[in-house]
Amino acid sequence: MQFFGGSEISPSPPPPTASGNNAHMLYVFNRNGVCLLYREWNRPLKTLNAQQDHKLMFGLLFSLKSLTAKMDPTSIEKGNLGVPQLPGQGCSFHSFRTNTYKLSFMESPSGIKIILVTHPRTGDLRDSLKYIYNLYVEYVVKNPLYSPGTPIKSELFNSTLDQYVRGLG
Amino acid sequence: MAPVAPRSGDAIFANVERVNAELFTLTYGAIVRQLLTDLEEVDEVNKQLDQMGYNIGVRLIDEFLAKSNVSRCVDFKETAEVIAKVGFKMFLGVTATVSNWDADGTTCSLILEDNPLVDFVELPDTCQGLYYCNILSGVVRGALEMVSMKTEVTWIRDMLRGDDVFELQLKLLKQVPEEYPYKDDE
Chain A
1 MQFFGGSEIS PSPPPPTASG NNAHMLYVFN RNGVCLLYRE WNRPLKTLNA QQDHKLMFGL
61 LFSLKSLTAK MDPTSIEKGN LGVPQLPGQG CSFHSFRTNT YKLSFMESPS GIKIILVTHP
121 RTGDLRDSLK YIYNLYVEYV VKNPLYSPGT PIKSELFNST LDQYVRGLG
Chain B
1 MAPVAPRSGD AIFANVERVN AELFTLTYGA IVRQLLTDLE EVDEVNKQLD QMGYNIGVRL
61 IDEFLAKSNV SRCVDFKETA EVIAKVGFKM FLGVTATVSN WDADGTTCSL ILEDNPLVDF
121 VELPDTCQGL YYCNILSGVV RGALEMVSMK TEVTWIRDML RGDDVFELQL KLLKQVPEEY
181 PYKDDE
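Protein sequence lines correspond, in order, to chains A and B. Under my numbering, the first sequence has 37 at position 37, and the numbering climbs by one with no breaks. Under my numbering, the second sequence has 153 at position 153, and the numbering climbs by one with no breaks.
Take these hints with a grain of salt, some might be off.
Stated by the list, open to error - Straight-line Cα separation of at most 20 Å, DMTMM-like style, residue types lysine to aspartate or glutamate; simulated pairs:
(1) A:142 - B:114
(2) A:142 - B:167
(3) B:85 - B:114
(4) B:171 - B:145
(5) A:55 - B:178
(6) B:77 - B:167
(7) A:130 - B:63
(8) A:153 - A:138
(9) A:102 - A:127
(10) A:142 - B:63
(11) B:174 - B:75
(12) A:70 - B:179
(13) B:47 - B:145
(14) A:130 - A:162
(15) B:171 - B:50
(16) B:171 - B:158
(17) B:150 - B:81
(18) B:174 - B:102
(19) A:70 - B:178
(20) A:55 - B:179
(21) B:150 - B:178
(22) B:77 - B:179
(23) B:174 - B:63
Said to hold, decoys possible - Counterexamples of contact, computed for chain B against chain A with all Cβ distances above 12 Å:
(24) 32
(25) 36
(26) 39
(27) 66
(28) 98
(29) 100
(30) 107
(31) 126
(32) 146
(33) 152
(34) 156
(35) 163
(36) 175
Stated by the list, open to error - Here are some chain A residues pointing at chain B (derived, C-beta under 7 Å):
(37) 31
(38) 32
(39) 33
(40) 37
These aren't lab readings, by the way, just hints derived from the structure by calculation. All C-beta atoms in this analysis are idealised placements derived from N, C-alpha and C, irrespective of residue type, glycine included.
Isolated chain A, as found in the complex (with noise of 0.2 Å):
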């Protein structure tokens, strides 16, 4: 009998939609809240410093999440706008768009948060979130020098997901 994964990553990515570089920047939080990374390709105008701007950032996530489970037209179990949710309860958004720029935002189960903030005019990246929570997986979550929970310093993540990102439509 044989088991155990290999390395591969798979499902291998989606193909590129568009050429160029249309990524602004990209945010990991995970589920206490602690900015695990965050990356910039194109962010011309910065108003606050870093520790305020993820700060604002899980805010909003946290903020939305409860509204958008509030909405909900069709489901009955509605908790009161604030009280926090368990990962993964009731309705989640994946993306809102500005006349300057898209957010995609994705959350796993575990509570690992990837935000990609994109050119306007970009497509569905929920596949692309995906491929690269996988890459978080192969190249942080299997690193035995990576304690989870601790900000990512692994410069090969970083230089596998600006290549993948510069794909991106």
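Once you have looked at the hints, place chain B on chain A.
What follows is chain B alone, placed relative to chain A:
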């Protein structure tokens, strides 16, 4: 885009690259052997194995979620089924059955008829208190904690101790919702 259905344990098992089970079994045996030498007390070994399992589970959950497309773990009953049918299959190549639910739906048993960890193992008289597979209970506890479920995992039956199957009891202590981690005045 329709939500992707969770993949079955067999499908994932068929897709991942595998290694020979004997290599894994013997490596695990060497770990237990070394712990017995180092710690001398069987209880300490049980504790250490559980702790090692916990550390594995905390990491393993993300790999599991990434590969299985499981998108929510709120219902404990569903979660137990997923562990038994998908989790065990994916990582150990065996499936467990879930039974012995109590009335509140907070306690159940995972029954393993086949356990690859104990191939080639016989428990000597000096190690009667040892839960040889205690690492598994640690893994399950650690993984569940990462999906907001505080559990207590104990061995009820153990084939190495003469029982007919392996029985792992899962008891849900509480579900911890995600907290807003920052204070208002910060």
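So, going through the hints one by one against the coordinates:
1. Our distance criterion of 20 Å between C-alpha atoms is broken by residue 142 of chain A and residue 114 of chain B, whose separation comes to about 27 Å.
2. Proposed proximity of residue 142 of chain A and residue 167 of chain B is contradicted: the alpha carbons are some 29 Å apart, above 20 Å.
3. Distance hint between residue 85 of chain B and residue 114 of chain B is fulfilled; the C-alpha atoms sit about 14 Å from each other, no more than 20 Å.
4. About 12 Å separates the Cα atoms of residue 171 of chain B and residue 145 of chain B, which keeps this hinted pair within 20 Å; it holds.
5. Taken as a hint, the residue 55 of chain A and residue 178 of chain B pair is honoured in the structure, with Cα atoms around 15 Å apart against an allowance of 20 Å.
6. Taking the CA atoms of residue 77 of chain B and residue 167 of chain B, the gap is near 17 Å; set against the 20 Å cutoff, the hint holds.
7. A threshold of 20 Å between alpha carbons decides the hint, and for residue 130 of chain A with residue 63 of chain B the separation of about 12 Å falls inside it, so the pair holds.
8. Taken as a hint, the residue 153 of chain A and residue 138 of chain A pair is honoured in the structure, with Cα atoms around 14 Å apart against an allowance of 20 Å.
9. Of the supplied pair hints, the one linking residue 102 of chain A and residue 127 of chain A holds, its CA atoms being roughly 16 Å apart against a limit of 20 Å.
10. Between the alpha carbons of residue 142 of chain A and residue 63 of chain B the distance comes to roughly 9 Å, so the proposed pair stays at or under 20 Å and holds.
11. Between the alpha carbons of residue 174 of chain B and residue 75 of chain B the distance comes to roughly 12 Å, so the proposed pair stays at or under 20 Å and holds.
12. For the given pair, residue 70 of chain A sits about 18 Å from residue 179 of chain B by alpha-carbon distance, which is consistent with the 20 Å threshold.
13. Taking the CA atoms of residue 47 of chain B and residue 145 of chain B, the gap is about 18 Å. The hint holds against a cut of 20 Å.
14. For the hint linking residue 130 of chain A to residue 162 of chain A, the alpha-carbon distance of about 15 Å falls within 20 Å, and the restraint holds.
15. This hinted pair checks out: residue 171 of chain B and residue 50 of chain B have alpha carbons roughly 16 Å apart, not beyond 20 Å.
16. The straight-line distance between the Cα atoms of residue 171 of chain B and residue 158 of chain B is roughly 18 Å, inside the 20 Å bound, and the hint therefore holds.
17. A threshold of 20 Å between alpha carbons decides the hint, and for residue 150 of chain B with residue 81 of chain B the separation of about 17 Å falls inside it, so the pair holds.
18. A C-alpha spacing of about 15 Å is found between residue 174 of chain B and residue 102 of chain B, which places the hinted pair at or below 20 Å, so the restraint holds.
19. With a C-alpha separation of about 17 Å, the suggested pair residue 70 of chain A and residue 178 of chain B falls inside the 20 Å cut-off, and the hint holds.
20. Taking the CA atoms of residue 55 of chain A and residue 179 of chain B, the gap is near 14 Å; set against the 20 Å cutoff, the hint holds.
21. A distance of roughly 13 Å separates the Cα atoms of residue 150 of chain B and residue 178 of chain B; the hinted pair therefore holds under the 20 Å criterion.
22. Proximity of residue 77 of chain B to residue 179 of chain B is assessed by CA-CA distance (about 24 Å); at most 20 Å being required, the pair is judged violated.
23. With a C-alpha separation of about 24 Å, the suggested pair residue 174 of chain B and residue 63 of chain B falls outside the 20 Å cut-off, and the hint is violated.
24. Look at residue 32 of chain B: its CB is around 18 Å from the nearest CB on chain A, clear of 12 Å, so calling it non-interface holds up.
25. For residue 36 of chain B, the non-interface assignment is confirmed: its Cβ lies about 24 Å from the closest Cβ of chain A, beyond the 12 Å cut-off.
26. Residue 39 of chain B, annotated as away from the interface, keeps every beta carbon of chain A farther than 12 Å; the closest lies near 22 Å.
27. Distance to chain A contradicts residue 66 of chain B as a non-interface residue, since its nearest Cβ pair spans about 5 Å, not more than 12 Å.
28. Consistency note on residue 98 of chain B: stated as away from chain A, and its beta-carbon is indeed over 12 Å from all of that chain's, at 19 Å minimum.
29. Even its closest Cβ contact with chain A, about 25 Å, leaves residue 100 of chain B beyond 12 Å, as expected for a residue assigned away from the interface.
30. Its beta-carbon lying about 19 Å from the closest one in chain A, residue 107 of chain B satisfies the requirement of being farther than 12 Å from that chain.
31. Distance check for residue 126 of chain B against chain A: the nearest CB is about 30 Å away, which clears 12 Å, and the non-interface claim stands.
32. Separation of residue 146 of chain B from chain A is inadequate, the least Cβ-Cβ distance of about 4 Å not exceeding the 12 Å criterion.
33. The Cβ of residue 152 of chain B lies farther than 12 Å from every Cβ of chain A, with a closest approach of about 19 Å, so its non-interface assignment holds.
34. Separation of residue 156 of chain B from chain A is adequate, the least Cβ-Cβ distance of about 24 Å exceeding the 12 Å criterion.
35. The Cβ of residue 163 of chain B sits about 22 Å from the closest Cβ of chain A, beyond the 12 Å cut-off, so the non-interface label holds.
36. The claim that residue 175 of chain B lies off the interface is violated: its Cβ sits roughly 6 Å from the closest Cβ of chain A, which falls inside the 12 Å cut-off.
37. Look at residue 31 of chain A: its Cβ gets to within about 6 Å of chain B, closer than 7 Å, so that hint holds up.
38. Annotation: interface hint on residue 32 of chain A holds; nearest CB of chain B at approximately 6 Å, less than 7 Å.
39. Checking residue 33 of chain A against chain B by beta carbon gives a least distance of about 3 Å; that is within 7 Å, so the hint holds.
40. Proximity of residue 37 of chain A to chain B is violated relative to the hint, the smallest CB-CB distance being about 14 Å (cut-off 7 Å).
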